[in-house]
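Could you slot chain B onto chain A? The hints should help.
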Amino acid sequence: MSTKINVLVVEDEKNIGNFISTTLKNNHYKVIECQTGSEALSITSSHCPDVILLDLGLPDLDGLTVLKSIRNWSSVPIIIISARTQEHEKVEALDLGADDYITKPFGTSELLARIRTALRHSTKRSPNHIFTAKGLVIDFDGRLIHVMDKEVHLTQIEFKLISLLAQNAGKVLTYDFMITSIWGPYADKNNQILRVNMANIRRKIEQNPGDPKYIFTEVGVGYRMIEEDSSL
Amino acid sequence: MQYFKDGIKTFSLLIVSTMIAYIYFRLSSHTTNIATVYILYVFLVARLTSGYIWCVVASIFGMLGVNYLFTYPYFEFNFSLTGYPVTFFGMLIIAIITSTLTAHTKEQAKVKAVHEACLKELNEINKQLIIADSFSQIIELTLNYIVSGANISCIFYTKDPIHSSKPFSILIKPEDEAIFSSEYERAVAHLAYVSENPIGIDKNAPDSQCFYLPVASHNHIWGVLGLLASDNPVFIKENLSLFTLMIPQVALAFERQSLLDEHQKLAVETAKEKMRGNLLRAVSHDLRTPLTTMIGSSSIYIENNKGLTETEKLNLVMRIQEDSNWLLHMVENLLSVTRIVQETAKVVKRPELLEEVISESILRVKKRHPEVNVDVKIPTEVLIVPMDATLIEQVLINLVENAIHHAHPTKPIEINAYKEKSSVRVDVIDDGIGIPPNKLNSLFDGYCPNENMSSDTTKGMGIGLSICKTIISAHSGTITVQNLTKGAMFTFTLPLEDEI
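Chains as they are written, first to last, in our numbering: chain A, 146 to 377; chain B, 262 to 761.
Isolated chain A, as found in the complex (with noise of 0.2 Å):
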């Protein structure tokens, strides 16, 4: 068996903590817990954990300042555990550098899921692959997209748009990081011509754009792709 992987909780609520730290163990992680921002810093830098659980009131230091300080010398995985209302706080965590965020309340099965995606995040994986999700094939080399064995036909930014967020799957894009990318760091921060092209891709490829397979909004935050079959 390998190494357990470490998990870093910081949660001042204590019922919400031991939830956390009961559903980890259960699955086989080991847990360090604390309940202050500086506790969090210092436990960082001397236990190196593989994942960070961070939530964002915190009693001393605010939560988004803790992700800021360990941004400065670590690229360790961060989730951010936040309130459903603060649609601000959740882009500004991620444009900040968290890789994801989990909002309260969370089921087990749905905290677990974004743990693994985190960690696989932080194995960089090869470029030139092809991702394959349900049905959706993108060839990144050659360009091509199909869904269910039919191709698809996209234009330039629709393509860029769907490689961007098949190269992040499973990761929310905030709207200003895509735009950014995309049309670059002077374009108008109006993020309607994204919208509107999102709106075009999910035409082409979701049967019911309505209702969508692959591509999913997390509204007033940004987008994020369905996570790769595993099997590859």
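Treat the hints with caution; some may be incorrect.
Stated by the list, open to error - When the alpha-carbon atoms are kept at most 30 Å apart in a straight line, the in silico DSSO-like pairs for lysine-lysine are as follows:
#1 A/K279 <-> B/K638
#2 B/K434 <-> B/K533
#3 B/K638 <-> A/K305
#4 B/K607 <-> B/K567
#5 B/K700 <-> B/K730
#6 B/K607 <-> A/K249
#7 B/K747 <-> A/K170
#8 B/K574 <-> B/K627
#9 B/K672 <-> B/K747
#10 A/K249 <-> B/K574
#11 A/K358 <-> B/K533
#12 B/K574 <-> A/K159
#13 A/K170 <-> B/K427
#14 A/K334 <-> B/K680
#15 B/K381 <-> B/K270
Stated by the list, open to error - Distance ranges between label pairs, derived from CB positions:
#16 A/R348 <-> B/L757: 14 to 22 Å
#17 B/L575 <-> A/P330: 25 to 33 Å
#18 B/L588 <-> A/R348: 50 to 58 Å
#19 A/K159 <-> B/L552: 16 to 24 Å
#20 B/L541 <-> A/S214: 53 to 61 Å
To be verified - Below, a sample of chain A positions facing chain B; criterion: calculated Cβ distance under 8 Å:
#21 I247
#22 P250
#23 S254
#24 A258
#25 R288
#26 Q337
#27 V341
#28 A344
#29 R348
#30 P354
#31 G355
#32 D356
#33 P357
#34 F361
#35 T362
FYI, nobody ran anything at the bench for these hints, they're computed from the structure. Here the structure is a predicted model, which is why all the values come from computation and not from measurement. Cβ atoms here follow ideal geometry from the backbone N, Cα and C, with glycine treated the same way.
For chain B alone, coordinates are given in the frame of chain A:
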């Protein structure tokens, strides 16, 4: 110009009357009535020209004319005629008196006309003041009235002029702004505000360039009207009485407006209070039931731990989970309402893709009810609608979950979106049991007073639907419900253009 015209009139009248006199003289060779013709001539000149000069000129002409044309020797002046000086002076005096009289009459007619015009205007402004429906409109009317009448810059302070930072003003010349805002003028205006007495250029403040009139009624001062008098000092003097007539009307309009505003505020407050009361009642009703289950089940679990079978334990925990999920749903609903701005009952809108909002809400419903099937039909056209996405999502979740819990549908729930003229319409359709007709009207009002329903009152959608209504109203949209032949259809609309 006027002078010129009067001269022409005088001369042409001279020629006409001389001709008449000449014809009369040739026909009758009498000279007695010649003077009468010329007196008539002088009188006509006085009536038709302004001032005394032409009148006097006419009387001299008339006299000379008589002397030159109609007395012996003809076509020659002879000033030694007996009685001539008497005729001369007689005519001169007649001329002066006549012209004074007519000038006076004309003057009076003019003053009267001006007054009448003023009264008419006063009447007009009164009429407009009555229909004005805001303080700023009243002020604007007053200022416009003064500017149109006097063409002078004016200003209106609604608060003490010393502190007031943004008074209303209409400026004829841009540099007048500096005069009004100078410290001295403000101090004078302040004095008028405090003392509630008119003060200014000719009254107690000789150095001031303005005239300030306080607008007050029933011991309440509504503001100070300032007129820049240095450009047109005569106007202020002449129209002071008119202003004193107008100011009380303005004050009255203010008073009426303030009463109206207060009344309206009270009405809004009452409606809010009623809504809050309804919500609170619905909340306590809807929250207490699941909490009871949770507390009861967990107590049994802890107290009788040993005596329970595994299945019984699992059942208890499952019930706790189910009800806590329901509680979460409630809390999210209640939280969503806090996003609506309290004062205006409006939301912060951003352009969103409708289909994304629909798909995410279905995703969230499926998290809680994985077995649910929803059919979505969206137009091929990309619909971007200004909205608060989190709130509209909540509406969709509420409507879909409502259908799941209450309608007991057999076929998938349908969500159809359409574009209409200036709005989008979203239908949520189920083929379930439909809405009891007696509840159709009060469905969105929140708390239902007649609780004679079956067991699923626990999960009554009382709060949910009233929150849908609150959210959609805050978006300036509409929400309705109707029974189909089988099932029910909830429809809401959202305006496509953001209202200003």
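Hints, verified against the model:
{"no.": "1", "hint": "A/K279 <-> B/K638", "verdict": "22 Å, holds"}
{"no.": "2", "hint": "B/K434 <-> B/K533", "verdict": "48 Å, violated"}
{"no.": "3", "hint": "B/K638 <-> A/K305", "verdict": "28 Å, holds"}
{"no.": "4", "hint": "B/K607 <-> B/K567", "verdict": "55 Å, violated"}
{"no.": "5", "hint": "B/K700 <-> B/K730", "verdict": "15 Å, holds"}
{"no.": "6", "hint": "B/K607 <-> A/K249", "verdict": "27 Å, holds"}
{"no.": "7", "hint": "B/K747 <-> A/K170", "verdict": "50 Å, violated"}
{"no.": "8", "hint": "B/K574 <-> B/K627", "verdict": "26 Å, holds"}
{"no.": "9", "hint": "B/K672 <-> B/K747", "verdict": "11 Å, holds"}
{"no.": "10", "hint": "A/K249 <-> B/K574", "verdict": "26 Å, holds"}
{"no.": "11", "hint": "A/K358 <-> B/K533", "verdict": "43 Å, violated"}
{"no.": "12", "hint": "B/K574 <-> A/K159", "verdict": "25 Å, holds"}
{"no.": "13", "hint": "A/K170 <-> B/K427", "verdict": "66 Å, violated"}
{"no.": "14", "hint": "A/K334 <-> B/K680", "verdict": "27 Å, holds"}
{"no.": "15", "hint": "B/K381 <-> B/K270", "verdict": "34 Å, violated"}
{"no.": "16", "hint": "A/R348 <-> B/L757: 14 to 22 Å", "verdict": "20 Å, holds"}
{"no.": "17", "hint": "B/L575 <-> A/P330: 25 to 33 Å", "verdict": "55 Å, violated"}
{"no.": "18", "hint": "B/L588 <-> A/R348: 50 to 58 Å", "verdict": "38 Å, violated"}
{"no.": "19", "hint": "A/K159 <-> B/L552: 16 to 24 Å", "verdict": "21 Å, holds"}
{"no.": "20", "hint": "B/L541 <-> A/S214: 53 to 61 Å", "verdict": "44 Å, violated"}
{"no.": "21", "hint": "I247", "verdict": "13 Å, violated"}
{"no.": "22", "hint": "P250", "verdict": "6 Å, holds"}
{"no.": "23", "hint": "S254", "verdict": "10 Å, violated"}
{"no.": "24", "hint": "A258", "verdict": "12 Å, violated"}
{"no.": "25", "hint": "R288", "verdict": "24 Å, violated"}
{"no.": "26", "hint": "Q337", "verdict": "6 Å, holds"}
{"no.": "27", "hint": "V341", "verdict": "5 Å, holds"}
{"no.": "28", "hint": "A344", "verdict": "4 Å, holds"}
{"no.": "29", "hint": "R348", "verdict": "7 Å, holds"}
{"no.": "30", "hint": "P354", "verdict": "6 Å, holds"}
{"no.": "31", "hint": "G355", "verdict": "3 Å, holds"}
{"no.": "32", "hint": "D356", "verdict": "5 Å, holds"}
{"no.": "33", "hint": "P357", "verdict": "5 Å, holds"}
{"no.": "34", "hint": "F361", "verdict": "7 Å, holds"}
{"no.": "35", "hint": "T362", "verdict": "4 Å, holds"}
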